[in-house]
Amino acid sequence: MDATLETVSNLERKMSISVPMAEINSEVVSRLGKLSKTVKVAGFRPGKVPVKIVEQQHGGQVRSEVMSDAIGKNLGEALEQKDLRIAGLPKIDVKAKEQSDDHFVFIASFEVYPQIEVKDVAGCSIDKPTVKVGDAQVESTLATMQKQRATFEVTEKIAEAGDQIKIDFKGSVDGELFEGGSGDGVVMSLGEGKLVADFENSLTGMKATDQKTFDVNFPDDYPSKDLAGKKAQFDVKVHEVLAPVLPQIDAEFAKQLGFEDGDVDRLRVEVKKNVEVEVAKRLESRQKDLVMKTLLDQAEFDVPQALIEEEGQRLAEQMKENMKSRGMKIDDAPLPKEVFAEEATRRVKLGLIIAHIAEKHELQPKPDQLKEVVEEMATGYEKPQEVRDWYYKNPQRLREIESYVVEKNVVAWVLGAAQINDTEIAFEELMGVEK
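If you read the sequence shown in this note's numbering, its first letter stands for residue 305, the second for the next number, and so on.
Bear in mind the hints are in silico, worked out from the structure with no lab data behind them. There could be a bad hint or two in this list.
To be verified - Cβ pair distances, simulated, as ranges: (1) Glu421 with Glu480: 22 to 30 Å; (2) Gly720 with Ala584: 14 to 22 Å; (3) Arg618 with Gly427: 31 to 39 Å.
Unchecked claim - Here are the simulated DMTMM-like cross-link-like pairs (lysine to aspartate or glutamate), alpha carbons at most 20 Å apart as the crow flies: (4) Lys712 with Asp424; (5) Lys592 with Glu728; (6) Lys516 with Glu460; (7) Lys559 with Glu443; (8) Lys592 with Glu706; (9) Lys592 with Asp431; (10) Lys559 with Glu574; (11) Lys664 with Glu421.
It should be emphasised that the depicted structure is a prediction, and the values quoted were computed from it without experimental measurement. Every residue gets a Cβ at the ideal spot worked out from N, C-alpha and C, and that includes glycine.
Work out the full structure, taking the sequences as your base and the hints as a guide.
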């Protein structure tokens, strides 16, 4: 086998490989001989079929399989000889004009992994977000719980954020009614950001018996391609406005939350514990994001397009599954790969950086770390052993745990090396709730 390598660009390579035809022919003869002992042909006893007959019937398929195997074998050997680590799948081109009785020639085009250099993070300054959890934060959480359990009563006031509004509506584009654009007696919630902005803004301020006609501009990224970027006109009639009535934080409220004795003080203690756990998780996530941003800023290298396309495809499939779970039609929302290119590039680049740091600084997960994470996952389930088995008996799930632990190890390493600045942030900002 002879191989010549051409550098097309920083990451792109093209390799021409020539394999002696004698090797191909020898393997074809060998496989035909083995096949003659098992193939069934009318008029011949099992194991007694002449090789010539087998060649006439199966020679083309066997030769094709031998050549395919030869490509994989010789490409692998050539990559190993030249110490190349291939990114993604290679493109194989069998050059018909270059074939001869003596040699079988093919060209493999592929990308290689980049050389990764991460600048010293010791000089980096990274914020460490902190949040105080006290009585005010507990009361804020209880207020959110009150809103979640609110009842709604008819009111004469105008509709505002937090209210519900019951309406009849008809929507049209260019004078034509469109599917899903009409409804009678439909109750909608205001202030949750679930409605198209122009539609929600127009409903806000209306009261019972009001009627209004207004325009709605659908955003360019609206899921329905028939409405994306279009202007629609809506006729709306309001039946009633319903305002929220919050439950009192009393014994009955505590009982609804599982405290059978109705002890409100015990409720507050438990809420504080849960808030502290949730705050810790969110702070860890935010800290990780800040570390990852720092790593991206500290490393400059080209990312293999093949890996970007693979990750983009994975993101597209995730979005499709998410849309299906929400009852949306996939056909109504084409997902061009360009939509995911930026995020896919970021994820692939981060993955390469993390793998590089983990290898360089020996941050691979230890067995006790994996066990700790699995135990944490199993805690709280009625049958924790089934959860443990679910992870340990599935290599893919265990690899996901390993990746998670590697990320944690890298984050801890960066935080140990960089300059850390404690930065207090608002509880409401961290939890995504309004003050």
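Hints and how they fare:
1. For the pair Glu421 and Glu480, the beta carbons lie near 59 Å from each other, so the given range of 22 to 30 Å is not met.
2. Checking the proposed 14 to 22 Å range against Gly720 and Ala584 shows it holds: the Cβ atoms sit about 19 Å from each other.
3. Evaluation of the 31 to 39 Å hint for Arg618 and Gly427 yields a pass: the beta carbon distance comes to about 35 Å.
4. A threshold of 20 Å between alpha carbons decides the hint, and for Lys712 with Asp424 the separation of about 19 Å falls inside it, so the pair holds.
5. At most 20 Å may separate the alpha-carbon atoms for a hinted pair to count; Lys592 and Glu728 meet this at roughly 16 Å.
6. Between the alpha carbons of Lys516 and Glu460 the distance comes to roughly 17 Å, so the proposed pair stays at or under 20 Å and holds.
7. A C-alpha spacing of about 18 Å is found between Lys559 and Glu443, which places the hinted pair at or below 20 Å, so the restraint holds.
8. Between Lys592 and Glu706 the CA atoms are separated by roughly 16 Å; this keeps the pair inside 20 Å, and the hint holds.
9. Taking the CA atoms of Lys592 and Asp431, the gap is near 11 Å; set against the 20 Å cutoff, the hint holds.
10. Only pairs whose Cα atoms come within 20 Å are accepted, and Lys559 paired with Glu574 is accepted, the gap being roughly 13 Å.
11. About 11 Å separates the Cα atoms of Lys664 and Glu421, which keeps this hinted pair within 20 Å; it holds.
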